[in-house]
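Number of protein chains: 2
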Amino acid sequence: MRQRVIIHSVTPEIEGGRYYIKRVPGEWIHVACTAFGDGHDYIRLALRYKHFDDKDWATINMTEGTEPDSWSADFQVTKEGFYKYEVEGWVDQLLHWHEGFKKKVADGQHMNVELEIGASLLQKAAKGYDKKVAAKLNKLAKSLTDSKRYPAAVREVLTEAFAKTIYDYPLLQFVTTYDQNLRVRVGRNKELFSAWYELFPRAASPSDKRPGTFKDVEKLLPRIAEMGFDVLYMPPVHPVGELNRKGKNNNVTAEKGEPGSPWAIGSKHGGHKAINPELGTLADYKRLIKKAKKDHDIEIALDLAYQCAPDHPWIKEHPSWFVWRPDGTIAYAENPPKKYQDIVPINFESDDWENLWDALLDIVLFWNKQGVKIFRVDNPHTKAFRFWEWLIAKAQEQDPDIIFLAEAFTRPAVMLELAKLGYTQSYSYFVWRKNPQEMRKYVEELSSSPLRDVMRPNFWPNTPDILPHELMGEGYGMFMLRLALAATLSSNYGLYGPAYEFMENEGADTGKDEYHNSEKYEVRHYDWKRRNRLTDFMTRLNKARKAHPALQTTYNVTFTETNNPALQSYVKISGKSIIWCVVNWDGHRTQEGHVQTPWESFGLKTPTTLRCKDLLTGETYYWKQDWNWVSLDPDRWPMHLLEITIA
Amino acid sequence: MRQRVIIHSVTPEIEGGRYYIKRVPGEWIHVACTAFGDGHDYIRLALRYKHFDDKDWATINMTEGTEPDSWSADFQVTKEGFYKYEVEGWVDQLLHWHEGFKKKVADGQHMNVELEIGASLLQKAAKGYDKKVAAKLNKLAKSLTDSKRYPAAVREVLTEAFAKTIYDYPLLQFVTTYDQNLRVRVGRNKELFSAWYELFPRAASPSDKRPGTFKDVEKLLPRIAEMGFDVLYMPPVHPVGELNRKGKNNNVTAEKGEPGSPWAIGSKHGGHKAINPELGTLADYKRLIKKAKKDHDIEIALDLAYQCAPDHPWIKEHPSWFVWRPDGTIAYAENPPKKYQDIVPINFESDDWENLWDALLDIVLFWNKQGVKIFRVDNPHTKAFRFWEWLIAKAQEQDPDIIFLAEAFTRPAVMLELAKLGYTQSYSYFVWRKNPQEMRKYVEELSSSPLRDVMRPNFWPNTPDILPHELMGEGYGMFMLRLALAATLSSNYGLYGPAYEFMENEGADTGKDEYHNSEKYEVRHYDWKRRNRLTDFMTRLNKARKAHPALQTTYNVTFTETNNPALQSYVKISGKSIIWCVVNWDGHRTQEGHVQTPWESFGLKTPTTLRCKDLLTGETYYWKQDWNWVSLDPDRWPMHLLEITIA
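Listed in order, the protein sequences are those of chains A and B. Just so you know, we're using my numbering here: the first sequence kicks off at 1 and counts up by one. Just so you know, we're using my numbering here: the second sequence kicks off at 1 and counts up by one.
Think of the hints as simulated: they come from the structure by calculation, not from any bench. Among the hints, a few may not be true.
It does not matter which identical chain is used: a pair holds within one copy or between any two.
[As the list claims (entries may be wrong)] BS3-like mimics (lysine-lysine), calculated; alpha carbons at most 27 Å apart, straight line: (1) 124 to 256; (2) 219 to 291; (3) 373 to 293; (4) 441 to 104; (5) 209 to 148; (6) 338 to 164; (7) 339 to 248; (8) 131 to 268; (9) 248 to 104; (10) 339 to 124; (11) 102 to 512; (12) 286 to 84; (13) 290 to 369; (14) 529 to 136; (15) 512 to 104; (16) 132 to 512.
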């Protein structure tokens, strides 16, 4: 009850410690709080943290900021797994006495009694330390009260060494611990740094004579690796429902031979644990996973779409996992007045929910055992929130390397909630940020609490569901621009690959950001032998990303000034790795102007010469002015991607 | 685990429900939160609240705001005591079905099965209600599925009456309750609306022949009541220490006969439960309390200064409650290198703290039994925070009418903390807000969360410790200005009365905001028969405050536009009570200009004629323009205090 230090408003803290925050090894956590003692007491604070596996806490002294009563410190996580952190505060009577001592000496007071008080406080402090430290403090205490040493003892108290001693070995009394079970989950590096390439395996065929298979995908691996991608994501690879199958362009009925949407999962060939026989066998799939990893360091991401085609085996095996209408028919997915008759949603309100949840978890564990460590989750916001929290925790218990990417394009609060529940990465609003101001605001929001601590964005300029208006009918200029933004502003980014690379730019006539002749409903053929300027551009971007730590995090960006609103400039700095991006947002015309050198961001007090090597063109500039001239022709390069070396 | 509605970011909520918020009867609480369900479900939310004494909860439907997923509702507290409130959310399948139904009808679909689904949902809903409602819902269900009524049943579902029924009697499934023990303490009205007059009882003498006594104070009561004050606050009335007594102007030694500072409490005549014999007896004090209340509706506030003079009886009785130095001397209050030898602080770190706390509580309970219901607490921030939380709760358990005013002029976080711990009112930074911008910003901050919910400001233009530079050497203009601001911007305000009324304006030569010849250290005599323009001004202000509800709260202010920066305009509206203040911040020169009519604040869509009666001068203006001309001569009136009547 005598607790003397008040500590509150600790950040980062998500809902009072209800959810953990996220990092990868090497990242830092800036812990801040409001703290104070009563009266004129001196308080001190320490940040304590430990890996769950460690026995002992590490401790870092917190420092008071310019705002009164605001304290902070930073700690770095180095190992995967979970860390705890907490704030400890105490009334530092030794420090209080020391500060008063200095003022009284300056005032010319006689210090005998003050020395005695100090000695007794040092002795008290000694009790809290091991023998060696205790001996040191007790010796110091004794020397203060040795009457023969007056006034030398007074001078000793005023030394820096004395100040350091009582700072390093504080008198820990009236300790208050702010412990709200604050946790950090530290995942593998790929959680923060990944480049995704999405393709429909049925489009992997080398010719238009037949649809592609896993074996065809295998043959594309060198090509994808050469471009520098490290995640290959394929839409669901399970049997496609035959009942109510959709045709080309989302037609209500499929013609004979049409392949259907792979998201309509399940048929007589099996459900979520089966492989679509048209793509190959489970053995083929497993070989693809192994080969991708072993030969190309590419991971295969599975699409986790928890919904069923009307002929999914579960519908007969577990009718209670679905909603049935009074006329005995099953309830299809719907968005009234529209019905989606090729899809049956799972009923998370089922009375048999415990078995249902177990079965859904079992799917993840099954594929994980086949070698899958990345799951792209389809529409997670239409399933029970608590389910995801449970599923992700259970799955990562079996394999902490499992990554879940949330495909939820919905309201901000819901996107954030999914991230809080444990999603490793999240699709983002990137595709709808259409000018430099919007983009800057969004990236800054993503880099600020609470988003920065739980929601890792993944920037996609297109998906099979989304062809933004900005790209419809467009050519290299716009396609390179959106790609450049995604690959440099977010350390996680991805492409619906062939459609982007080969510049599919025909929009649907629905007025929405959609593809005409969507590949979701038909087999597409690409000329995989072809390589164009986008292939080359992707390759250069991914190469730069792999070589430069500054491009391997999303949270190190600072936007800087230009004198042309069509030019956007930002620097990304990670230690000695400095990247400076200047983007021409005008996809059609050359834009020229000046960009300001952010000397301060570079840690420079006075201007010096910067060596700026463009990682795209290979050209090198030497900039030493406050403002530097740039000219960007969108048909050649939409950006300067400058590696900065300080001369 | 199937919990379906996510509810978070509930406001008001102080540290996750750790502390209660504050209101008086008649005030409202605006409860807001972020809430959503998964998928496309319709959710609904209800705000639930109840007085601790009530058996049943009252329920108010919350509505969604323009920001997605943001919900809110307001409830009014009417009784003193504690209330609880919480938010309840549920997935409303009936509403979901109804919305789909309307779209499907518009699409021309056959609705037979939909009617059956609706009927079954209505039957489900019926189970949650009493017989009468259940019968109504079941009857409705039956009518929907009566095949002879098709398509009349479809039309019925589309009626407003049907929509109202399912809104009023929702199907309560998957209910989530956000219950963080959120509490409101509702205190008596004086907590929010009070006018304090401070005087030293020893200054109450009708002549300069002798110091004043309680009996003299009694004779001043009609004068104070006539001016309209309702709290009479006297500095400590306990025996003043004789050891190390301070002299005039804070001299280290008192001359013989000097009275000392009343905050140096305790002598051979007793401690905190004793009465200074120079002021009278306990019986005198009790009679003063009774008479003030009975004849004048004035309450007497006691100064609670938990510190001791060196000759306070406790120092011998309870040496462990104080800090002793190694040389056997007691530790005086100090701010190194300064020592305050007339004051000994209490040691809240004492090992005997439980007995100490009990003794300190006993002081409050003792004076409460003598009739004291208001305590002005001296320097609470220099005592243990947890102690205050405990003391205030214990005291208000004995008598919920007890008011504690925190005299803490310190950092914002500490002032807020004391309020969170339970202080009813707080001295504020008012005296240091010295221009219209600063004042507006401060008042708006006080009216916003979290301050609005826990910290009730009390605006004092002076105290015995504070004569602001703005008033030094000044005359009626500046004195009326600061008074007008305090009395209209805060419903709680106070004055160090006679010094203000008689315009003591001589500052100390310390450079600080202090009085020369501070009354703290000497006996002052005032000519109590005298009445001047300030006496008159206070009287008019207090009369206006008592007559107009708009001046009885701090939280109804809206600042409005003027075209002269020296003129500040604000309206205060409480129901039909509308007050419009226009202040001339220039204490020396007449300022003229135009003030804009805030039609919208007045609830008017088109301009009309406003009757503006100046409550200070009695003059009436009729304003109907968007901009109205004013001229304020500070030597006459520093403000227009306009009662607005809408014609």
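Within, between, both or neither: how does the pair residue 209, residue 148 come out at a Cα-Cα threshold of 27 Å?
neither (103 Å within a copy, 59 Å between copies)
Is the C-alpha distance from residue 286 to residue 84 at most 27 Å within one copy, between copies, in both cases, or in neither?
Answer is neither; intra-copy 37 Å and inter-copy 58 Å both fail.
Since the copies are identical, ignore which copy is meant and state whether residue 132 and residue 512 lie within 27 Å (CA to CA) inside a copy, between copies, both or neither.
Neither. Shortest intra-copy (73 Å) and inter-copy (49 Å) distances fail the 27 Å Cα cut-off.
What label fits residue 124 with residue 256 when the C-alpha limit is 27 Å: within, between, both, or neither?
Neither. Shortest intra-copy (88 Å) and inter-copy (44 Å) distances fail the 27 Å Cα cut-off.
Have a look at residue 441 and residue 104 and pick one of within, between, both or neither, based on CA distance no larger than 27 Å.
For residue 441 and residue 104, neither the intra-copy (53 Å) nor the inter-copy (40 Å) Cα distance is at most 27 Å.
Are the CA atoms of residue 219 and residue 291 at most 27 Å apart within a copy, between copies, both, or neither?
Answer is within; shortest intra-copy Cα gap is 10 Å, inter-copy 100 Å.
As a check of your reading, is residue 131 near residue 268 (CA-CA no more than 27 Å) within one copy, between copies, both or neither?
neither (75 Å within a copy, 49 Å between copies)
Indicate which option fits the pair residue 339, residue 124 if close means a Cα-Cα distance not exceeding 27 Å: within, between, both or neither.
between (76 Å within a copy, 25 Å between copies)
Within, between, both or neither: how does the pair residue 102, residue 512 come out at a Cα-Cα threshold of 27 Å?
between (73 Å within a copy, 24 Å between copies)
Using 27 Å as the alpha carbon limit, work out where residue 338 and residue 164 are close: within a copy, between copies, both or neither.
between (73 Å within a copy, 26 Å between copies)
Given a CA cutoff of 27 Å, do residue 373 and residue 293 count as a within-copy pair, a between-copy pair, both, or neither?
within (11 Å within a copy, 77 Å between copies)
Tell me, please, which holds for residue 290 and residue 369 at an alpha-carbon limit of 27 Å: within, between, both or neither?
within (12 Å within a copy, 84 Å between copies)
Going through the hint list in order, the structure does not satisfy hints 1, 4, 5, 8, 12, 14, 16.
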